[in-house]
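Chemist: Chain residues, written in single-letter form:
Number of protein chains: 2
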Amino acid sequence: MNITILFGGSSYEHEISIVSAITLKKVLKKSNPSFIFCDANREFYLIDSKNMKSNHFSDGAYKKDKKLVLKKGAFCTEGMFGLKEQDLGTVLNLIHGRDGEDGKIASLLEFNDIAYISPRVDASVLSYNKLYTKLYAQSLGVKVVPYSLLNSSDTRDIELDYPVIVKPVRLGSSIGVSIVKSADELDYALDVAFEFDSQVVIEPFIEGVLEYNQAGCKTTDFELSIIEEPNKEEFLDFEKKYLDFSRDGKVSDADVTPELKTAMQETFKKVYSDIFAGSIIRCDFFVVDGEVLLNEINPIPGSMANYLFEDFEGMVKRLSSALPKESSIKIDYSYIHSIQSAKGGKA
Amino acid sequence: MNITILFGGSSYEHEISIVSAITLKKVLKKSNPSFIFCDANREFYLIDSKNMKSNHFSDGAYKKDKKLVLKKGAFCTEGMFGLKEQDLGTVLNLIHGRDGEDGKIASLLEFNDIAYISPRVDASVLSYNKLYTKLYAQSLGVKVVPYSLLNSSDTRDIELDYPVIVKPVRLGSSIGVSIVKSADELDYALDVAFEFDSQVVIEPFIEGVLEYNQAGCKTTDFELSIIEEPNKEEFLDFEKKYLDFSRDGKVSDADVTPELKTAMQETFKKVYSDIFAGSIIRCDFFVVDGEVLLNEINPIPGSMANYLFEDFEGMVKRLSSALPKESSIKIDYSYIHSIQSAKGGKA
Chain W
-17 MNITILFGGS
-7 SYEHEISIVS
3 AITLKKVLKK
13 SNPSFIFCDA
23 NREFYLIDSK
33 NMKSNHFSDG
43 AYKKDKKLVL
53 KKGAFCTEGM
63 FGLKEQDLGT
73 VLNLIHGRDG
83 EDGKIASLLE
93 FNDIAYISPR
103 VDASVLSYNK
113 LYTKLYAQSL
123 GVKVVPYSLL
133 NSSDTRDIEL
143 DYPVIVKPVR
153 LGSSIGVSIV
163 KSADELDYAL
173 DVAFEFDSQV
183 VIEPFIEGVL
193 EYNQAGCKTT
203 DFELSIIEEP
213 NKEEFLDFEK
223 KYLDFSRDGK
233 VSDADVTPEL
243 KTAMQETFKK
253 VYSDIFAGSI
263 IRCDFFVVDG
273 EVLLNEINPI
283 PGSMANYLFE
293 DFEGMVKRLS
303 SALPKESSIK
313 IDYSYIHSIQ
323 SAKGGKA
Chain A
-17 MNITILFGGS
-7 SYEHEISIVS
3 AITLKKVLKK
13 SNPSFIFCDA
23 NREFYLIDSK
33 NMKSNHFSDG
43 AYKKDKKLVL
53 KKGAFCTEGM
63 FGLKEQDLGT
73 VLNLIHGRDG
83 EDGKIASLLE
93 FNDIAYISPR
103 VDASVLSYNK
113 LYTKLYAQSL
123 GVKVVPYSLL
133 NSSDTRDIEL
143 DYPVIVKPVR
153 LGSSIGVSIV
163 KSADELDYAL
173 DVAFEFDSQV
183 VIEPFIEGVL
193 EYNQAGCKTT
203 DFELSIIEEP
213 NKEEFLDFEK
223 KYLDFSRDGK
233 VSDADVTPEL
243 KTAMQETFKK
253 VYSDIFAGSI
263 IRCDFFVVDG
273 EVLLNEINPI
283 PGSMANYLFE
293 DFEGMVKRLS
303 SALPKESSIK
313 IDYSYIHSIQ
323 SAKGGKA
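First to last, the protein sequences are chains W and A. When you line the first sequence up against this note's numbering, it's residues -17 to 329, in that order. When you line the second sequence up against this note's numbering, it's residues -17 to 329, in that order.
What the hints contain is simulated information worked out from the structure, not anything from laboratory work. Do not take every clue at face value.
As the list makes no split between identical chains, a pair holds if one copy fits it or if it spans any two.
[Unchecked claim] In silico lysine to aspartate or glutamate, EDC-like type, Cα no more than 16 Å apart, as pairs:
id, residue 1, residue 2
1, Lys66, Asp41
2, Lys49, Asp143
3, Lys45, Asp69
4, Lys53, Glu25
5, Lys45, Glu185
6, Lys35, Glu193
7, Lys11, Glu141
8, Lys299, Glu205
9, Lys48, Asp235
10, Lys307, Glu177
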C-alpha cells in the first residue's frame, strides 16, 4: 500500500497531530508510509521517515527537508527544472483541528485530484462545528445532548441548570472547554471559550454519564471498531493527552448489553451515512436512561483510533481501495455555442 | 482597487460562470480587473482582459494564456527559473456551482492566504446544500418552505400533496429541478434529479407564490440591495438564462409594503450573520400569508447580482477592505517541549 500521512497544520492541535503521526508510523510500519508535514505557516515538507521524531519539528530542523508545492494531480518538489511530481499514493489526512477537520485540507486534495482518506468538505464542516453536528444529527432522527447557543455579542443569560459545560463550537481536544458549577463561574468560562470562537454551545453537565466511543468506516461494507468506555477524568492534562494521542495498544470491548451495542452501531451507521464516505471517524455517545445520544463526531480522531480496531492496517488498505469518486462533469460548451450561433458568432 | 475575477470551474455551471465574468468586466471597468480562468480540468490560467470573450474559452484558445500554480501567498506563473508570484490583489470568486459554491475555492484561497470575496468554507457548505440551508435557517428561527428529503436508496413514497417541486440538494441554476404535477410524473423527475445528486428535497410547488430577491453584504455595516421581484416563468431556457447571468442594467425596486421590506431585510441580516462575512449573497424569499420564508441562499449569484445595487463597484471596493481575517494561531511547541523534558529529551 502506497500511503502518505499528512500532519501538522495551522491548528491549536498542531503538536498533537505530530504525536499522532509518530504513532501511526509505528502502527502502519508494514506499509512503510511517507510523511508530509504542514508547518505552522502552511508550507508543505516531505519528511524522511527516519526524521519522524518530535524534536525534528519543534526545533525547526524540518526546514531542511524537501519543500512541496501542491498542484493538479500531485505534490511536487520545486527544482532547477521546474516542478517534479512525487508519487505518494493515498494521502491520509491526520491534521487535527483547523485546516484538517474544517474542510480545507479535504478541499485542497479533492480539487487537485489526490486520492485521500478524510471526511470530504461537507462532512468536515458538519462534524467540526458542534452546532452543525447537532442540526445534522437531529435531521437524521439521532438524539443529541440538549444545548443552548450563545454568540459573543449576546447577553449572557442561560436557561440551563448548573452544572453546565461550555464549549467553543469549532475546537476539539477540550480546548476552551469548561465545566461551570454555578452562575458566578459562567462569565469566566465564557471569556475563555470566546477567546477561541465567536459562538459557544452550553450543555447540561451530566456527572458520571455513561460515555462510549465507536469508531469505524465503510469499505465494501461497514467496518466498526470495538466500543470503548473512555477515560472518565474530567480533563486530560498534557501528559495524559500525549498518552491519549500516542496510543497504539489494544483496548478491551466495553461491558454493554448486546441491545445497547447494536443501538450504538446502528446510530454510528446512520451518522456516517454516505457523507462520511472515505473517512475513519469516531462517534462519542452518551447513554442516558438507556437511550443513545450523539455527543460529538470526531472527524479525525487521535492516531485515527487505531487501537480500537482488530486490523487497522488492513482496514486502511481496504478503505484506500474504496474511496468515493467525484462525479465527472463534462463541459462541452454547447450552451456557449448555442448563444454564439444565436448571436451570429459575436458573443 | 486591485481585483481579480476567478471564474469557470469543474461545474455544471462552468459556462454561465464565463458569461458572469464577461459581464463583470463591463460592470467593474473602472477597476480594470484581472481574470483567472479555472478550466474544466481545474488548471488555472491568467487571461488577458482583451481575451474575455466566450469563444476564447469554448474553442480552447485560453490554453495559450499563462498557466498559474497556486501556492502559499500567491498565484504564480511557472517559468524557467521557478515559480514567479503574480500581484493580483483581492480575488472575487465567481465560480458558480461545484468548486466555487461548495467550499473548495474558499478553502484553497484561505489556506494559501489570498484575500478573497466569497462565502468562507462553512458558509459555502451550508448554502450550497439545500437541506443544510434549511437546517441552518431553522436554527436561526427563520421559516423555510416545508420539505421532504429522499435518498436515492429510499422507497419513493412522499407525503406531500401535488404539485411538488423536486430539487437535487446540491445544484444551482435549476439544474435537475422538476415540477411534478401528479404521482405518475414523480418517478421520472426523481430519476432526473438523482442523475445529479444522491439526495433530493421535495417541496410543495406553490403556484403564483410571491417571490422576492434580496442581495447584500456587510462592509462597515450592512449594504443591502433593492428588493427585486424576479421573472415568474417556471424555468429559464438557455437564452433567457444567458440574459439572466449577463445582466448589468438596473432594475426597479419591488412594490412591497414598508413592513414586508423591513421583514425581508431583517431576515437577510439574520441569515448573513457572521458566517457570510466577506461575501455578497442573494437570498431568495417566498412570502406566504404575509410571512417571509427563506427559499434558497445563492452564495455566488449570477454576475454577483450587480444590477440590484446602486454602487456595485464601490461596494466591492469597500468589501475588499472589510474582509474577515483568520485568527492567527501561535505554535510554540511548548507541549512537545514539556513532553521532551518529562522524558529526558528522548521523545
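Chemist: With 16 Å as the alpha-carbon cut-off, assign the pair Lys66 and Asp41 to within, between, both or neither.
Modeler: neither (28 Å within a copy, 30 Å between copies)
Chemist: How do Lys299 and Glu205 come out at 16 Å by Cα distance, when the copy is not named: within, between, both, or neither?
Modeler: within (12 Å within a copy, 52 Å between copies)
Chemist: Since the copies are identical, ignore which copy is meant and state whether Lys48 and Asp235 lie within 16 Å (CA to CA) inside a copy, between copies, both or neither.
Modeler: neither (43 Å within a copy, 58 Å between copies)
Chemist: Regarding Lys53 and Glu25, is the shortest C-alpha distance of 16 Å or less found within a copy, between copies, in both, or in neither?
Modeler: both (13 Å within a copy, 9 Å between copies)
Chemist: Checking an output row: Lys35 and Glu193, CA cutoff 16 Å. Within, between, both or neither?
Modeler: neither (33 Å within a copy, 60 Å between copies)
Chemist: One pair to classify: Lys45 and Glu185, alpha carbons no more than 16 Å apart. Within, between, both, or neither?
Modeler: neither (43 Å within a copy, 55 Å between copies)
Chemist: With 16 Å as the alpha-carbon cut-off, assign the pair Lys49 and Asp143 to within, between, both or neither.
Modeler: Answer is neither; intra-copy 53 Å and inter-copy 60 Å both fail.
Chemist: Up to 16 Å between alpha-carbons, please classify Lys45 paired with Asp69: within, between, both or neither.
Modeler: neither (21 Å within a copy, 26 Å between copies)
Chemist: Within a copy, between copies, both or neither: where do Lys307 and Glu177 come within 16 Å Cα-Cα?
Modeler: This pair counts as between: shortest inter-copy Cα distance 15 Å, intra-copy 39 Å.
Chemist: If the cutoff is 16 Å on CA atoms, where do Lys11 and Glu141 land: within, between, both or neither? Let me know, please.
Modeler: neither (51 Å within a copy, 54 Å between copies)
Of the numbered hints given earlier, the model fails hints 1, 2, 3, 5, 6, 7, 9; all others are met.
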